[in-house]
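Dock chain B against chain E, hints included.
Number of protein chains: 2
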Amino acid sequence: MESSRDSVASNTAQTPLSYDQAGVVYDLIDPLKVAAQRAAAATAGHLRTHGYTEVTASRGESAYVVDVGPFYLASIVECLGSKALVADEMARLTGRSAYEGIAQDTIAMAINDLITVGATPLVVQAYWAAGGSDWFGDSARAQALVAGWKKACDTCGVAWGGGETPALAGIVEPGRIDLAASCTGLIQPKERLSVGDRLAPGDAIVLLDSSGIHANGLSLARKLVERLPEGWLTEVAPGVCYGEALLAPTVLYSPVTEALWRAGIVPHYCANITGHGWRKLLRHPTACTYRVHTVPDVPPVLRFIQQHCGLDDREAYSTLNMGAGFALFVAAADAQRTVEVARASGVGARIAGTVEAGPKQLLIEPLGLRFGDDDLQLR
Amino acid sequence: MESSRDSVASNTAQTPLSYDQAGVVYDLIDPLKVAAQRAAAATAGHLRTHGYTEVTASRGESAYVVDVGPFYLASIVECLGSKALVADEMARLTGRSAYEGIAQDTIAMAINDLITVGATPLVVQAYWAAGGSDWFGDSARAQALVAGWKKACDTCGVAWGGGETPALAGIVEPGRIDLAASCTGLIQPKERLSVGDRLAPGDAIVLLDSSGIHANGLSLARKLVERLPEGWLTEVAPGVCYGEALLAPTVLYSPVTEALWRAGIVPHYCANITGHGWRKLLRHPTACTYRVHTVPDVPPVLRFIQQHCGLDDREAYSTLNMGAGFALFVAAADAQRTVEVARASGVGARIAGTVEAGPKQLLIEPLGLRFGDDDLQLR
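Residue numbers (numbering that gives the first Met the number 0), protein chains in the order written: chain E, 0 to 378; chain B, 0 to 378.
Looking at chain E on its own, in the form it has when it is part of the complex (with noise of 0.2 Å):
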């Protein structure tokens, strides 16, 4: 009988575990969100003052931009999110540290959102919190980390000015890392700018690979573990355990933008496929309809996810990338350059759909899927 061929799948399959589960619960976060964007939105005036401007298309983007004269200034704040916690759990199990490649996951989330509007990122800075001093004691664990974050750093071509590491016993748990990054770049020439006034139907969709869940989906990830009778060491592929499979690093997508640059191609919009997983790909403001005719193949550790949570195509596709990590929009003339920019640069791309006209929505036909405007709200 097939259910008893894998009794997690079967018995999850049951009740499902969703993200709100998993423990974040975005309505006690959203009324904070908006008050602050409010009060954000309020002080660009300042700007004015100095003699720069706002360039208020990037409210609401993955990055904020500030027209400086000759260029544009591009800035951004991101945090990890709980990978940090995978790698904790996975050196207890190996005795191996995986900071290495967490320090790319945290820069990737600041570099990814980054180059959305455009910009090349310049100057990283570290935010290391850790939850005592004795964190930074265990020294093969802080070497992983310094020299992890400073081969990001060589992979995207960017400086790393400096940073914090503090030791915040009483607000960071004992034994833990709070992990950030900020980054600064400039957006030059100013015809890079890329926050979505060059959309139009007609674009060519083209996706860039994943290298597996990157930091986005970690919280239900997480909580799967407790089902697995085999916990973090559950095989998800032949030799590698689902701990493992989570910690593969993100892909750093930003070689990819500056090798279009170089080849002239100039997006006409970027998302950086995190959280809300492909919804993501609804994140310009105007009304479009995005029609997806080719899936990329799904890693195996999410496939995995998506079985063992009992998750369906449409709630995995809007929670996790499902082998997407980063949209572009280009000029249908630039898509196939595009792809072979991005394969040259060391990162899979394809040829995935189309804009058209037409009420906001996305259409994924292999899965028959499609998601509405409702469907995502971040602004």
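Wrong hints could be hidden among the right ones.
Copies of the same chain look alike in the list, so a pair counts if it works inside one copy or between any two.
[Unchecked claim] With a straight-line Cα cutoff of 25 Å, these simulated BS3-like cross-link-like pairs (lysine-lysine) come out:
id : residue 1 : residue 2
1  : Lys-149   : Lys-32
2  : Lys-189   : Lys-32
3  : Lys-32    : Lys-359
4  : Lys-189   : Lys-359
5  : Lys-150   : Lys-32
6  : Lys-222   : Lys-359
Derived from the structure by calculation, the hints contain no laboratory data.
For chain B alone, coordinates are given in the frame of chain E:
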């Protein structure tokens, strides 16, 4: 007998409370810092591939500076530290939220460092990492944080670009919040760059008043409360209790540095007096003697901490700001006008001393104190 006059003071005088006892062990953090600084310095070359260059003298200064052609770009990320724990304790005792002031403290940590290099702060990003979604459910507290953040941005004339509000259960302690700010600014015109090459014997030292402990020394201050018979509610001045006094928000100094620029005064060097107290006056790398002839009044809460922790003047001035939150090193001819400009901006100030040729040392003459080069190793 004098020892019976103040049993707490005499008690603590026998067992002084040091910073190490307060739980921050720099010996564990410092090897990581050195490794990180070396790795960071090795990334500077990436800027050249984009056509920019690092201002190498800014490595080791309070903010990182890049020459982007028409002007300099400065950036930073800074943590509040543990001051929010005092706000939480006082809220528990009084029912009042101090998070409006805490927001100002957090922004001050970033802004007051950024301006040391001559930058005009332009954009602040908020990093508010809570121990769970429920932190944001206390709407009075959350709204105070938003209001205070907005107000501090208004005071400094910066745009609040956005930020992150993650819920990090398992990393941040339940009910707590890890607060940080990143800030990006421009140094324009480039003559405003202040990384110390102008500092010279004959310069005057102008000290700007602090409002109290600011956000450095809080681990010690929190440790002390265990020894106070009435704890947080112990009076430190008529009608002002210890907890309230500690929560006086950090002074924002960018209105002073911006007003100085408008008045035609370019500081030769600046030092934000934070951790390591007055030893920060020794921050500049070259050998000079800093002779202080006038010290500011000590805020009651700092005098109280000194007395009740049993710190001698040497320990107190090498740990706490003791009334001076920011140091400006200016041409002697500009000194009096610097004081006037600061006061006109609402910040108390005084000419406190002079820079002289001589061995690297800080002489605080009214207190008979000398700090040598060995007393501060930041690089």
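Indicate which option fits the pair Lys-149, Lys-32 if close means a Cα-Cα distance not exceeding 25 Å: within, between, both or neither. For Lys-149 and Lys-32, only the inter-copy Cα distance (13 Å) is at most 25 Å; the intra-copy one is 32 Å.
Same-copy or cross-copy closeness of Lys-150 to Lys-32 [CA-CA at most 25 Å]: Between. Shortest inter-copy distance 17 Å satisfies the 25 Å Cα cut-off; intra-copy 33 Å does not.
Under a CA distance limit of 25 Å, which applies to Lys-32 and Lys-359: within one copy, between copies, both, or neither? Classified as within; 24 Å inside a copy, 49 Å across copies.
Is it within a copy, between copies, both, or neither that the alpha carbon of Lys-189 lies no farther than 25 Å from that of Lys-32? Neither way: Lys-189 and Lys-32 sit 30 Å apart in one copy and 37 Å across, limit 25 Å.
Is the C-alpha distance from Lys-189 to Lys-359 at most 25 Å within one copy, between copies, in both cases, or in neither? Neither: 29 Å inside a copy, 47 Å across copies.
Up to 25 Å between alpha-carbons, please classify Lys-222 paired with Lys-359: within, between, both or neither. neither (33 Å within a copy, 57 Å between copies)
When each numbered hint is compared with the structure, violations occur for hints 2, 4, 6.
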